[in-house]
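Trainee: Residue numbers (our numbering), protein chains in the order written: chain A, 381 to 649; chain B, 4 to 298.
In case anyone wonders, no lab produced these hints; they're calculated from the structure.
One should not assume that every hint holds.
[Claimed, not checked] Which stretches of chain A does chain B cover? Using the computed rule of at least three CB atoms under 8 Å from a CB of chain B, they are:
1) 381 to 390
2) 475 to 489
3) 492 to 503
Ideal placement from N, C-alpha and C gives every residue a C-beta, glycine not left out.
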Amino acid sequence: MNFSLYKQMMKVNMKGVMNYAVGAAFYIFLVVWIYPSMEKTAKPLNDMLNAMPAGMTKAFNLQNGFGSFESFISGEFYGLLFTLIVSIFCVMIPTQLMAKLVDQGSMAYLLSTPTTRGKVAFTQASVFLTGLFLISAITTACGILGVRIFIDANSFHADRFIQLNLAAFALFVALGGISFLVSSLSNDEKKAMGTSGMIIFGFYSLDIIGKISEKVDWLRDFTIFTLYKPAEVVNGKGDLLQNCIILFAVGLIAFIVSILVFRKRDLPL
Amino acid sequence: MLTVQNLTKKFSNGKGIFDVSFSVKKGEVFGFLGPNGAGKSTTIRHIMGFMKPDQGYVKVNGLDTWQKQGEVQKYIGYLPGEIAFIEGMTGKGFLDFMAELQGVRDLSKRNELIERLQFDINTPIRKMSKGMKQKVGIVAAFMHDPEVIILDEPTSGLDPLMQKVFIEIVLEEKAKGKTFLMSSHSFPEIERTCDRAAIIKDGIVIAVKDIHELQSMQRKLFEVTFNNKEDAKTFLNSSLQIDSYEGNRVRVAIQGNYDSFIEETAKYHVRNIAIFTQNLEDVFMNYYDRSGASK
Chain A
381 MNFSLYKQMM KVNMKGVMNY AVGAAFYIFL VVWIYPSMEK TAKPLNDMLN AMPAGMTKAF
441 NLQNGFGSFE SFISGEFYGL LFTLIVSIFC VMIPTQLMAK LVDQGSMAYL LSTPTTRGKV
501 AFTQASVFLT GLFLISAITT ACGILGVRIF IDANSFHADR FIQLNLAAFA LFVALGGISF
561 LVSSLSNDEK KAMGTSGMII FGFYSLDIIG KISEKVDWLR DFTIFTLYKP AEVVNGKGDL
621 LQNCIILFAV GLIAFIVSIL VFRKRDLPL
Chain B
4 MLTVQNLTKK FSNGKGIFDV SFSVKKGEVF GFLGPNGAGK STTIRHIMGF MKPDQGYVKV
64 NGLDTWQKQG EVQKYIGYLP GEIAFIEGMT GKGFLDFMAE LQGVRDLSKR NELIERLQFD
124 INTPIRKMSK GMKQKVGIVA AFMHDPEVII LDEPTSGLDP LMQKVFIEIV LEEKAKGKTF
184 LMSSHSFPEI ERTCDRAAII KDGIVIAVKD IHELQSMQRK LFEVTFNNKE DAKTFLNSSL
244 QIDSYEGNRV RVAIQGNYDS FIEETAKYHV RNIAIFTQNL EDVFMNYYDR SGASK
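With the hints as extra help, turn the sequences into a complete structure.
Mentor: Printed below as a string of structure tokens:
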């Protein structure tokens with residue numbers, strides 16, 4: 381870990397991180413705010429959901445219906461919006477932290493000082509994880525705050541809500557790790573972004589397609605999104621702990637491999 | 004101080020550097036010359052430890068630059084050929100950041116360099132001109148007072164006055180016993196600073212020469228304008244090598260034989276003499292031709 385680099389990189393990337401955090405916080409406020417009005421019409425909405433093919437509701441994590449706040453937020457926000465916003469973050473920031481510096485050549489300056497490549501890669505990974513943590517923490521805090529303001533707090537299961545955020549954080553650590561690995565291997569910023577974008581949104585699509593049609597359910601064996609089940613987390617079903625451990629492990633391994641390959645790689649600086 | 008030994012790196016497209024060897028003594032300024040794509044940058048990347056050699060090694064201060072990454076950099080100052088800074092910083096912000104990474108506490112050297120190169124350090128980097136970025140890069144390469152300084156095309160983008168200042172700085176550091184490796188296209192710059200130079204072409208070092216030897220290899224073209232055409236005609240018959248002529252203007256190629264050139268031209272009334280210094284590319288081509296012919 382190189383603290384000067386960490387400080388500098390946080391400064392450079394803070395604006396980007398805050399944009400995503402503010403965006404996510406804004407959306408969760410919005411979703412929490414509209415919930416009371418949705419609740420009144422929950423029955424007709426649930427009837428409509430029941431009328432839809434089961435695959436469709438499952439694909440967009442709406443199988444819990446709109447009956448309770450947690451099921452509503454797990455479907456509307458954690459099942460879709462938040463996943464998309466932070467997935468984009470998981471593609472963009474790792475690309476900027478590694479591949480961009482190599483592509484532009486500014487990595488030459490970092491490596492011309494008495495620091496090792498391992499330390500540089502580790503520091504950049506820490507910058508990403510700090511950013512991701514900030515986004516998750518701010519979103520969680522705003523969610524809880526929103527509930528206090530707009531909704532009768534008695535029916536709110538804060539523990540389930542925090543578990544939901546933990547599950548999402550685990551997913552993003554894994555996605556970010558994969559993207560960071562691609563970024564550490566790339567000399568070209570655009571290619572790095574394209575490749576990790578394809579992998580992550582490929583995973584996402586496999587998950588959705590697998591859910592829509594029973595016939596291609598096996599597709600879901602090939603995507604880590606399968607391990608992220610917001611609808612089950614809020615119901616207290618499923619194996620949250622095991623899924624989180626696997627996702628964190630995927631992320632951890634990806635970050636370690638990234639550091640190792642970056643240490644041994646030829647850099648065209 | 005700096006040793007490059009049997010350095011070989013082959014790229015998938017067949018290009019690369021092959022069996023490059025030279026060494027630079029402490030207090031020496033070593034030039035590294037060659038046309039674009041000859042392998043100068045690839046060699047420098049190996050010296051900086053950015054690439055792993057297929058064969059051979061580079062040692063700075065006795066430390067292998069690939070294996071001792073992070074340690075060997077304590078002794079090295081580096082000016083990249085293509086300057087790219089981290090975005091969103093001012094010149095001062097960048098230099099402060101580099102000073103932290105380099106572990107520099109004493110900023111007097113940095114301030115002195117900024118003073119001499121005359122630039123405003125508070126300018127955001129994205130608004131800087133090429134020359135200004137180059138100045139920031141030069142300060143970053145020198146400010147931690149390294150033993151060995153690697154400069155890739157150091158004066159590109161600098162105006163002639165600043166080129167002169169830069170050469171002065173190099174000569175002062177040299178007098179203090181600093182070791183330099185400098186790649187360049189500009190012969191005058193190499194001429195004024197370097198003790199020896201290596202010429203590289205197609206990834207192979209074809210010569211490591213004393214700078215005086217290189218100077219004598221350099222061919223210069225003089226364009227002499229005579230007062231009248233008859234003089235020009237008779238001048239053509241002299242023993243000098245004539246490059247071309249038109250009316251009362253004659254172009255003469257001179258390579259070391261300045262005496263006979265002056266003797267010959269002094270016989271006539273001369274209206275003007277203009278000099279065309281051969282660029283390095285031409286010096287090389289000349290050199291390659293001769294070495295090719297002698298085989």
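Trainee: Quick check: which numbered hints come out false for this structure?
Mentor: Violated hints: none at all, because every hint is consistent with the structure.
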